[in-house]
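A.B. asks: So the sequences go chain by chain: A and B.
Quick note on numbering: my numbering labels position 43 of the first sequence as 43, and the sequence is numbered without any gaps.
Quick note on numbering: my numbering labels position 33 of the second sequence as 33, and the sequence is numbered without any gaps.
Note that these hints are calculated values from the structure, not bench results.
The structure presented is a predicted model; accordingly, all values stated were derived computationally and were not measured.
Do not take every clue at face value.
[Claimed, not checked] Subject to a maximum C-alpha distance of 20 angstroms in a straight line, what follows is the list of computed SDA-like cross-link-like pairs (lysine to any residue):
| hint | chain 1 | residue 1 | chain 2 | residue 2 |
| --- | --- | --- | --- | --- |
| 1 | B | Lys63 | B | Gly253 |
| 2 | B | Lys929 | B | Arg953 |
| 3 | A | Lys183 | B | Lys362 |
| 4 | B | Lys929 | B | Pro947 |
| 5 | B | Lys57 | B | Ser912 |
| 6 | B | Lys229 | A | Gln440 |
| 7 | B | Lys362 | B | Lys658 |
| 8 | B | Lys229 | B | Ser61 |
| 9 | B | Lys314 | B | Gly217 |
| 10 | B | Lys996 | B | Tyr456 |
| 11 | B | Lys229 | A | Ala169 |
| 12 | B | Lys229 | A | Asp400 |
| 13 | A | Lys183 | A | Ala169 |
| 14 | B | Lys658 | B | Asp606 |
| 15 | B | Lys229 | A | His463 |
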Amino acid sequence: MLTAVSPQAAAAGLFLGQGLTDARALRPDLVLAEAEPEADARALEALADWCVRFSPAVAPDPPDGLFLDIGGVSHLWGGEAEMAADLAARLARDGLTARIAVADTAGAAWALARSPAAEGRPRILAPGKTEAQPLAPELASLSTAALRLEPVAVERLARLGLRRIGQLAGLPRGPLAKRFGVKVLLRLDQALGRAPEALAFRRPPTPWFSRLDLAEPVSAPEDLARLCRDATLRLCARLEASGRGARRFRLDFHRVDGAPVGLELGLSRPARDPDRIARLFLPRLESLDPGFGIEAVSLQAAETEVLAPGQSDLASLLEPVEGPEALAPLIDRLTARLGPRRVWRSRPLASHVPERSVRRAAALEAQAGPAGSWPAWRPRPLRLLPRPEVLEAVIALTPDEPPRQFRWRGRVHRIRLAEGPERIGAEWWRTGIEAVRTDQVRDYYRVEDQDGARLWVFRSGLHDHDRPVRWWLHGLFG
Amino acid sequence: MSRYAELAAASNFSFLRAASHPEELVATAAALGLDALGVADRNSLAGVVRAWGAGRKAGGSLKVLAGARLVFADGTPDLICYPSDRAAWSRLTRLLTLGKRRAPKGGCDLSLGDFLDHAEGQLAIVLPPAPGEAGRGDFPGHLEALARARRGWIWLGGVRRYGPRDLQDLARLEALGAAAGAPLVAVGEVLYHDARRRALQDVLTCIREGCTIHEAGLRLEANAERRLKPPAEMARLFARFPAAVERSLEIAGRVGFDLSELRYEYPDEPVPAGKTPIQHLRDLTWEGAGWRFEGGLGERERRTLEHELDLIEKLGFPNYFLTVHDIVRWARAQGILCQGRGSAANSVVCFCLGITAVDPTKKDQDLLFSRFISEARGEPPDIDVDFEHERREEVMQYLFRRYGRDRAAIAATVIHFRPRMAIRQVGKALGLTEDVTAALAGTVWGPWSGMSPDPYIRQAGLDPDAPEIRRATALAGELLGFPRHLSQHVGGYVLTRGRLDELVPIGNAAMPDRTFIEWDKDDIDALGLMKVDILALGMLTALRKSFEMIPPRADGTRLTDIAQVPQEVPQVYDMLCRADSVGVFQVESRAQMSMLPRLKPRRFYDLVIEVAIVRPGPIQGDMVHPYLRRRDGTDPVDFPAPSPEHGPPDELHRVLGKTLGVPLFQEQAMRLAIEAARFSENDADGLRRAMATFRNLGSISEHRRRFLEGMTGRGYDPDFAERCFRQIEGFGSYGFPESHAISFALLVYASAWVKWRWPDAFCAALINSQPMGFYLPAQLVRDAREHGVEVRPADVLASDWDCTLEPVSGQRLRALRLGLRQVRGLAQEDVERLVLARARGARALPDFARVVSGRGMELLAEADAFAGLGISRRQALWAVKGLAGADRADRDAPLAAGADLPEPRVDLPLMSAARETAEDYRTLRLSLKAHPCAFLREDLAARGARPAADLKRMRDGRRTAVAGLVLVRQRPGTAKGVVFMTLEDETGTANIVVWKDVFEAHRPAVMRSGLALVEGRVQVAGDILHLVAERITDLSVLAAGLRTDESGEAPKAGGGRLLASRDFH
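Take these sequences, add in the hints, and give me the full structure.
C.D. replies: Here you go:
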């Protein structure tokens, strides 16, 4: 279904709610993008936050509207019209098309903003006109859909020929409510100021943030370390108070010359232990350039999660901690030393092809998922070479007997014991369908050589008299 | 020389698991030189008949064994089971029936106990779980228990899968089997005949698991080893276990059962005590002959009848005829119209028994009994009977009552993967997005029919050469024709004397209280079982209903049977020659309507030709124009002849005599193969069968070669031979023999007569029998009005559920009162209560509201059915909603409490006339007030559209345009991509031809528009007039505009169509 159309698409006869198949049949060259309602909602919230510069009271009206309560602030712009014009201009500068209307009630403003006349320039309904009797023509001529009614109700009213707000307002209230429910009346009353409406205004969330200002700039490493610890203590105390921990921390030193220098810290598990966090920052402070001195430091926490209250008393030091909890500090330190890409865990992945059956996972990733274990019936080497290495001078009986002898990395291996073949076909869906052949297989053998080394070798392709087959070493057992 | 029998092969009747047709498995097994092939599908015997048939066709030494892979619900390991004799076969079918009847459709619920109860005579191979497969309980324990219970009848299957530890696994199994007493036997657990099917098998796995190929992981097979392998290869793979390979031969040798043993016995119920079936049949036949041949039988008829009866006796079919006679007799007694169709109309016995309505001895018809039953063909007869479509269910229930559920069941229909479904599911399995698969599926309009889909794919905005698309289309193409699941046949019954479940497994259908067997018509044919087709025909319903509405004749009698319709009335033929045939059986389609004025039928046999000529066979064979030219006298009538040295020049006179030397009927084409191409009767039959199944492409080209060489070699014109073969191809899946055409022509004449004599009753009966036929009630009503029938609106004061006829003083024809069935969405129960209340005196809106549901009242109001009370649509709806509020308490309305107070009068906006018409269409699917186009005329004229009626006055080649509602869209498979559209405006209908290139250029408008503007050139050929489209514009938005009171409102989704067209692909 189409959830949004561009002006060009609308001109081509496409409309909201149209089935995709219909739309495509009309315009096979239609360019489609998947709707992302969550992203839209986030964008709307961001826009709501941005609008705070116009009024402290902003309420998002999903999917595509915002209510601004401008009572008592419009005079700052010199009036409602000027304010609306400024808002429109600023939005336009950011590339947003907007329809803006000002009225005494949220309902009337909503309706006006969606009327065709709101296209292009803001509509202002003078104060008092909303509640005027008889109904102001600006409102009376609007469609019943502008009352924020359910589409079904609009459709039902239309059956009776009732399409305009004016027609609806002229009907006796009792019979109308009896036939269409009080919701219709409520919406009508809200628009016309006869019933109150509560809007859910949005207050921006307090960020996890702590900041220390210094009287005198500092630049000695010990001072930086102390600042780091102080900032951490403050923020962690707040995290502790609200029962949360964070996975990411950003420490910014604001230099006298205005350029911030920052450090990022990522944790494998959420934490709020100030000592630990500070300790992870410390070794990296040395690499900072304090320039002409640091005059402020700020610490920000992100990716906060609820964290069970930890034991911060002495007893916890005596009890051995097990499981991932125990590993976490070690892994964090290894990661801080070696870099985040160098510490990982191997996870099985459901694939027959050996090099695809392993994936790298975060070191402490929870042991979940269906592919949680390595199938025991399929022996796989402890060490799989990132790239198979070619074997030379292979002696093996056709068509699919294990090799007797081969040379690898310059050394001859005489095979004493062998097992196989395990035949693994190529993943045909990765090549063109015309290129798929039935002899695209690998025959794997587990072999043991004269020295007891256990190797995993394979022959690629089926034996063929016309061309020599190639042998490879793919892994080492134990 | 190694020998091996593959005992564990699954065909694609193991749905979504195995990837080869049974025929492919058999052919490959024969080619590889296997001793035997055992086809064992998952809890099913659905594929074994095909395999068995393929085995017989292949000849050679391959033995095809019929068995099943039993999959248990209680943790028992899978068993491959082969009945060793006929009694064991019955036990197996009963076992499967038991499991299937317990489970919902498609399932089978079996336990070890069930197997042991039916285990006598079953040779069983226990299949160990594959390595890595979730073990189902204690395998050694199960094995031992089975082996103990069935000592000497149980083996343990060993498979070389090319897994990591095959040989250890096998050694362990051998030891396990030896300890338990179940010796190891080598099996392949075959899923396909050829390694190249691996990709398709992987895709099937994904469809089954509902995942994409990228997510499927270890659910896929690691390699392509689950294929049929030659004996030498098996010997090598099992080199350490030679006894296991030999045992496969031993087991195959112990199967002493062959499907040909399923000797079939007809039920013997309808025979009275003390009579033999043939005596009874003779008595009934002669009795019927007295009724059918009122003037007494001539010598010729008597001889024919005796000949037929003798042959029926000789071949042992009397019971079959008695059974069908019994069904037909019962239906007649219930007043259900019925009539046999197909080749049974070649039989005088069937005519006398009242099964068919065609007298084969009639002079010019020349129907031959041998086309129905022939000793040489050795097939059982096949009688298809049509019943009224609304009452067929009664006949089916009678059959179940008469024969019991254990002796009567419906045959299966194999539901195959069709192009759309194949591309959709393959696309999904390959991980294409919903959008792409939908677009791909959308490129399919009807069958692909060998055409390259690439241009359509490109048009859908996709690149057909992209690897993802190519992969999807290639695999979908391979999947085409695969069985997807079994469903019940529309009306094919199998009846037996003994228990049916001892012949074939019976399972539950999706409908409650329905069961069907696992075999379809082809299987039943192959085994020579008896079947009766209980088919449904809408026209029979309509005819019975119109007979009931036709006033009694002068002598007070009523028309009750088709045979009583006055014959050969010239005015009926006049009407047909004018192509005035809306609603008439068979000849109401566009193609038939344009044929009527060319063929100019003047007698019954002309109708037979009319019915047969507009068919894929004659059209593809390019036989239509030669026939018409000869009929018109433009071309001389001559007969194709061989060179003198090859035979007499008149060898085809007898075959083609009555169709002026042009083959039109299926049997003529088959006779040509025999007479002119020198096919044997058997070969000709093989040719017909090869055409009917699209699987066997190889054999068709072989037939083709023989046919063409046969004819040209004997001196026939190569072009004629080529056309004859194309015609045979055209008959393909839908052959139209003469006997069938005659049966249908009877209904053509009968319905044409009713339309001519009583258009009022005809129209009412057709509407009351909807859905059926080619036209919607709107066109039927329009046609009736054009024939002088007054049509009155649906009204609560006058209408019943069905349309009724109201007398008009001084008029022969009565007025048609539309029934409330026309009100979209209205429930029949509501109308029944309304009619009852009206009979008790209800006259006002609140009276009706007391008995009719709130929703029903709203629908009636919106359909303007209260107009008779002087209440407009909107006022009625307002009032009805008010009443509904009072009665059914709109709970969130506190004001509802005061409902009894008199309400102030409310003035609702008046509806424009255009809106009234649009609302009529929305609620009634037709309007008696006006045609929507009338309101748009100015607008349409501004776009250059002329009224459809003006077309008739235009010269050939003139450029013009028309606009109207799209009534019908048709794209016949035979017409090379041409689309036929029928438009309707306020002045009449216009027939549009859209050639392929224009269609491609205007595809969306052709396929989607509800209101279309067509610009093009008038084409006149004789009395037939088309507009050949050059440009098509979708004006649906205009039609939607009628629904709004004011302009400027945006159309809503789906608002473009006032009327859903009938689309035929």
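A.B. asks: Which constraints among the numbered hints does this structure fail? Numbers only, ascending.
C.D. replies: 2, 3, 5, 9, 11
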